[in-house]
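Which chain is which? The protein sequence lines are A and B, in order. Using the working numbering, read the first sequence as starting at 1 and increasing by one per residue. Using the working numbering, read the second sequence as starting at 1066 and increasing by one per residue.
I should point out that these hints are in silico values taken from the structure, not numbers from a laboratory. Quick caveat: nothing in here was measured; it's all calculated off a predicted structure. A hint or two may mislead.
Stated by the list, open to error - The list that follows gives simulated cross-link-like pairs (lysine-lysine, DSBU-like), each with its CA atoms no further than 30 Å apart:
#	chain 1	residue 1	chain 2	residue 2
1	B	1624	A	890
2	A	741	A	132
3	B	1570	B	1643
4	B	1597	A	867
5	A	272	B	1609
6	B	1203	A	720
7	A	50	A	132
8	A	292	A	316
9	B	1597	B	1624
10	B	1643	A	890
11	B	1624	A	851
12	A	867	B	1609
13	B	1619	A	867
14	A	851	A	964
15	A	794	A	230
16	A	964	A	272
17	A	466	A	250
18	B	1624	A	867
19	A	851	B	1643
20	B	1619	B	1609
21	A	81	A	546
22	A	720	B	1643
23	A	272	B	1421
24	A	305	B	1643
25	A	867	B	1421
26	A	794	A	1014
27	B	1619	A	272
28	A	292	B	1421
29	A	27	A	74
30	A	316	B	1421
31	B	1421	A	334
32	A	890	A	117
33	A	890	B	1203
Unchecked claim - In silico negatives: residues of chain A with every beta carbon more than 10 Å from chain B:
#	residue
34	87
35	89
36	132
37	410
38	420
39	550
40	559
A virtual CB, placed ideally from N, CA and C, is assigned to each residue, including glycine.
Residues per chain, in single letters:
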Amino acid sequence: MRKFLRLITVPLLLLGLVANAQTRTIKGQVVSATDGKAVAGATISVNGSKVAAIASEDGSFAVNASGTVTLSVKSVGFSGKSVSVPASQNTIRVALTEESSQLNEIVVTGYTAQKKKEITGAVSVVSVKDMKSVPTGTAEQMLQGQASGVSIIGSGSPGEGSNVFVRGITSFGNSTPLVIIDGVQSAPGDLGMLRDLSASDIESVQVLKDGQAAIYGARGSAGVIIVTTKKGRGKASITYESFYGIQTVKQGNVWNKLDPQGMADLYFLAAKNSGQVDANGNVVSGQYGTGKSPVLPNYLKYGTKSGYNGAVDLTKYNNDYSKGDIFLIVPANKTGTDWFHELFKPAPMTSHTLTATGGSDKSSYLFSLNYFDQEGTLLNTYLKRYTARINTTFNVKNNIRFGENLSVFFKDNPRIGNNQEGNAVNNTAWEQPIIPVHDAGGGFGGTAGSELGNSSNPYANQMRAKDNKNNDWQIQGNVFAEVDFAKHFMARSTFGGRLDNFYGFYHNYRSYENAENGASNGYGEYSGFNQNYNFTNTLSYSNIFKENHSLKLMAGYEVLRVNGRQVGGSRVNYFSDNPNYLSLNTGSPIGQSNYSNYYNQTGNSILAKIDYAYKDKYLIGLNGRRDGSSVFGPDNRYGNFWSASAGWVVSQEEFFKSIKFINSLKIRGSYGILGSISNVSALNQYTLYGGSGGSSYYDLNGTSSSTVMGFYATNLGNTKTGWEKDKILDLGFDASVLNNKLDITFDWYKKSIQGLLFQDQAPAVVGVGSQLPQVNIGDLQNTGIDLGITYRGKINNDLSYTVGANIGAYKSLVVNIPGAAGFFEAAGTHNTGNQVRDAVGHPVGAFFGYKIAGIYQSTADVASWAKETDAAPGRFKYVDVNHDGVIDDKDRTFFGDPNPAFTAGLNLGITYKQFDISTVIYGSFGNNVLNYTRYFQDFYPQFQNAKSIPLLTQSWLPTRTNTKYPIVENGSYFSTNGVINDFYNEDGSYVRVKQLSVGYTISPAVLKRYGIEKARVYLQGANLFTFTKYSGLDPEVAGSSVSFGVDYGNYPPSKTFNVGVSLTF
Amino acid sequence: MKKYNLKHIMPAVLSLLVVLYACDKSYLEVPASGALSQDVLANKVGVEALLVGAYSLLDGEGSSAGTGNGPWATSSSNWVYESVAGGDAHKGSDPGDQNLITPIEQWNATPANSYLDQIWQQRYDGVQRSNEALRVLKLAKDVTAADVTRITAEARFLRGHYHFDLAKIFNNIPFIDETITYAAGNFLVANGPALAKIEADFAYAYANLPETMSGVGRANKWAAAAYLAKVYMFEKKFAEARALYTTIIANGKTSLGVKYALTPHFNDAFNPAKKNNSEHVFSVQMTVNDGTGAANANSGDALNFPYGGNTGCCGFFQPSFSLANSFKVDANGLPFLDESYNNVPLVSDMGIAADKPFTPDSTTPMDPRVDWTVGRRGVPYLDWGLMPGSTWVRNQAAAGPYEPIKHVFYASQIGTFTDGSSWTNGFTAVNYPLIRFADVLLMAAEAEVQGGGTLAQAMTYVNMVRSRAADPTGFVGLATGKVASPTNYKIGLYTSFADATYAMKAIRFERKVELAMEGHRFSDLVRWGTAKTELDAYAASEAKQGYLSMTGVKFTTGKSEYLPIPQAQIDKSVQAGKSVLTQNPGY
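Whenever a hint applies, use it, and build me the whole structure from the sequences.
Set out below in structure tokens:
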């Protein structure tokens, strides 16, 4: 950004030089007062004239002046200085004092850049150094804990997207902020552009959180993350950065599962509790025999027999459908298979980056290559990514610049369906320990056989998935041109976008080992592209009138387009499973399927911005934007958005000068009206018809294998749907105190989402098989505070430290949902119905169901309580919320809130001589997690899969009454697992040491003989410690904004140990 | 350098921006992709295709409506709401699997049970697809008058069907005709009894549909007649029903012109290789391997197959003890109309491990239909060999020893009548017979008794059904060719119906055993007014025989007859602070 400013000022100053060529030349050098090093790029202006110059690489400059003059010297990162040069003096050395305050940081606030001290809005400036210290393959995950008011919820799955919410969830649908990288805007609701950005290419990250984002109009409401990539500068250099690490896996019995004997005992306990015994009081089991107590069998399956203890003829074994009937011989693993650790193993992670950079006044370049390779701790999941970037700028003449930023990457990233019921993570919990990974014939073991449940062998699944590919290559970047003219004007034109091409294929194997096996093998392929671009033209005017009045104007015009296309197909019944044989052509055409679809959405906008400052003391900013979008009907196609902000730099006032311990203080406020269109599809306004074989064709002729073409109304349109208007009020201050050592930024905000765009909730009689349109459906409100603190301490020349902390807290509230009953239900599962209710007067995403008052201890206890279906001793006693003496639907209530009371990030850095130590700690406090994984593990009748230890050791019995676990029964009841209740609700608070590293910078003297300029080596641990009460795998549970904080089976993050090096040549 | 003047530049640039912006309005007009507009469809071909779209929801899926719980909540056979709730079958599987069915089985579902919302959505989607065909038909110019009449009649037949399913389950429903649309905003329609309007739709269809149609899957005049007569039965218009049934039995034909008749063998009505035969009055057509990933198969029943073999998945829909016992007959081969069949239950392998010996009962006289209806250990199971017992049962202790048969495919039909592209073989091309001729005969028998006919004619109808079942060439084992039939089959004909009460008992029992597991039982019991006595006895008997889910369960008269209106729909139908939908009594 420094470069950018310099580019603007050079031609202006050169203009001045041309005009005043008849006096003496003052030559000089600008250096840093701290270390005496040259300050390249400082601007030197002669007061009272238009003469100015730029210091070159070695800090030298020359200006022409006559008589005694005062030179003003400024450079980004330094305090400005004025020096008087007598008429007799022709040379001068100016030492500038480094400014450590963040107030001089350059912040991109939408189409323009400002110094932080000039800003009147709420902007989080991320410490890129701290952010990059977190080793992960997805840039959005690095942001966690780095910016107040920005919450990131990720997972351990390599390459997996995270939830990113700026100041809380602001929609029942997509709450994803707008991402802008080098001026290129993301497609609505899509973080993909940020996700695969190579960390080493990032120069700066800023997050606009308040009304000021109105300059992005209809897309700014959920916040704007602005990323600038590195530009070339200085003399040519090459940097090599690399790390290698091992991701470790949580040890122990992570799912708290019973061992094989425990499972057998539990089976007998449940049968006895349920009275399911024969006339002799014996329990009958297909695996554990008939008797009073279970006996573990030798074989889980021998042909058609379960629980087999006889002789075994291995020649009968067959697991190949093409060779006749399946005959499995599956020995029992009496010591127990540790499924989690069969799947999750320590995995390496490495990254190599090579960056070449350089620049002069005429041009600059940056070229970087990155290879990132993270094997997932879960078998056959990984992210391999190869990135190349070329950023260049060229100065043509004095007033014309053009350049480009371009990044290309390829990635191969097979993943599991994270946080989805039935994924590989779930199956490690569900698969019983008595099942062996491999059977006696070398095939896979599984749930085939009595009483083994219905999970599928996750090891087999992941091994079979090893040839699946999920490939993606993308180009993203922009080209731009800038022209300065008429002294105060700059015109800028930029065209940028992203082209994302993906393709992949997958194999379905016909399994034999499970209780539920697929009917055939299969193979499918898919590919497609997504692209988005924006073409932006702006004109800026900047001037200072009468020294005290600074005015900046900007107006622009922008065109946007988002489109894409996908195609895919599959066939089944392949003759061979050999991956080399499989293509779509080689499968059976019977049962083949294919699809394609495409989408297209356009927008255009005009925008304007005014910033005015009087004496750097009173600041006013106004911006406005008129957006047009193809997603709305003709009558609502355009929407107007605006914001106003003001700042008062109190510390500039005379009366404040006496307050010494406060170096600067700015009070600011903003109000704006913004929007969001992430939840509106391009088809929203149209009533449309269509059909497909599966949805509307029908076999009128009774053929059993073919259908007749049919259509239906696929979409019900709504042309009345209009723009969401989100009002954001923000009040805050920025202060630097204690000799600029401590910076504080504080904001209070109220974010009112009005006319929230969400799918209409019309009753089913309208035909809800047709896609209902998005309409303006309700109002939300988030009220909160953001606090950021940075302290820089220096104990002596050898020892210095920094502390950065940020805290974000908000209160979420659904204000209004007109037309319906005042709520929406969400996050349903087919087992229990909906778990989440967004209701007026409650936070977004609140958990909803029955509250448990305790466990019925006796029939007398049952009789004395409200009438409850299935009530019996040992089962849950629900709270009669409405006191009507009956426990029914009306007694459901809100029992949990996934929104944290606050989140906090802490960055610590210590430098001692050549050593540096840094850590990033993140915490989320006061949020609930609905641990739905317990549904399967903590309730006996919920499939006969593996169960948790407390079911055997702590579940209710007449003799064991002081417990939270209900009686174990072979029956499912309203009073146990039939409905969602607060048994699943847990405190999801946690604190995590995201990274802790120790680095050593090798002294330049040593390096010089090897031709190395700088070298640093470091040791690092990531996710070293996590403190939480949460009983599941990990409290950080990413979901969608509608199932926020519901744990369906989440790929846990790994504790990682890295060693890294950074070399500059 | 030339001096520019601010006064000129700013206005010039701004006006340029405004011009660019104004010119670009067309840039925002993006046509819809991958879809058609109404005007493209407003012609004969388009309307016919919309009609097919309305037919296509008969199979219980294919729509995004009602998919939240899986297609089993919206199965065309209504197995959850009719057969499980009516005591033909237990839910089956592990107790916690699809446990939203359990409260329905226990007649105490709450309005928030999402199964109810699912079927409500799916059936109304069918209603609106039927209406859409009617609406666009009015816009089409190239349709002949005869086709307008036929298309209208077919669409109204389908609309009648979808409403009727809902009326059986919920009783008080909003009737949605073609004037009700999302766009018009007039969709907040109050609910109430709807049989009169449903009757009008079927009456129109009966009056206007041709006898023969271009496809066997289409509703013809006689399908409409049979459905209309069925509605009459629910309305207790027995005389009208009797007259109509008499006409249907005399003149009825399938859409392809085949005269209605019982097929030679009982199982022919269910065997997909023999579908759409003379017994088919109106069936839901199922297809497999049609490139849709089994989306047109009988997905609603895909869970309802034995577990642990190759027969499919999931072990749901297990015939009840009482149903199996109901097939016991007396020395004359007649059923125990006094309900004493449960007194000494049929010997089953309940509580006997598969590796322990078990011999099926070979002495108690049994109606041969039992083994085409209830899969029991040691007896031939279609062509799969002998049913092996608990290795085919998912959780015998919790859900009983029996397995369903009627909608199950033959082992020899894998790949031809099962879909190869899905996660189980249980996606099949086995049609669901919504009305088959045996149903017509037995309803006609009821109408004879209650609508002014003769007991003799009623008995003739019942005996027609029994005679077919008595044909030894249609017995299990012989029919499948692999093993000998059990020897204790016995089925006799009624020789006299002493009085109307006896006749009704006999007819009702015949419906139970002939149409068992076919999705008719619960609404039959409600229609007859015998639900409370029958079902309370059923619950007590099942609990006694080891099915714990029915322990202490009671039917509540005045409430349990109908399921509650889905709470979600009540909540979405609020007008001026009050829902236009009224909850059913007792909820």
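For which of the previously enumerated hints does the structure constitute a violation, in increasing order of number?
Of the numbered hints given earlier, those the structure breaks are 3, 7, 8, 24, 25, 32, 33, 40, listed in rising order.
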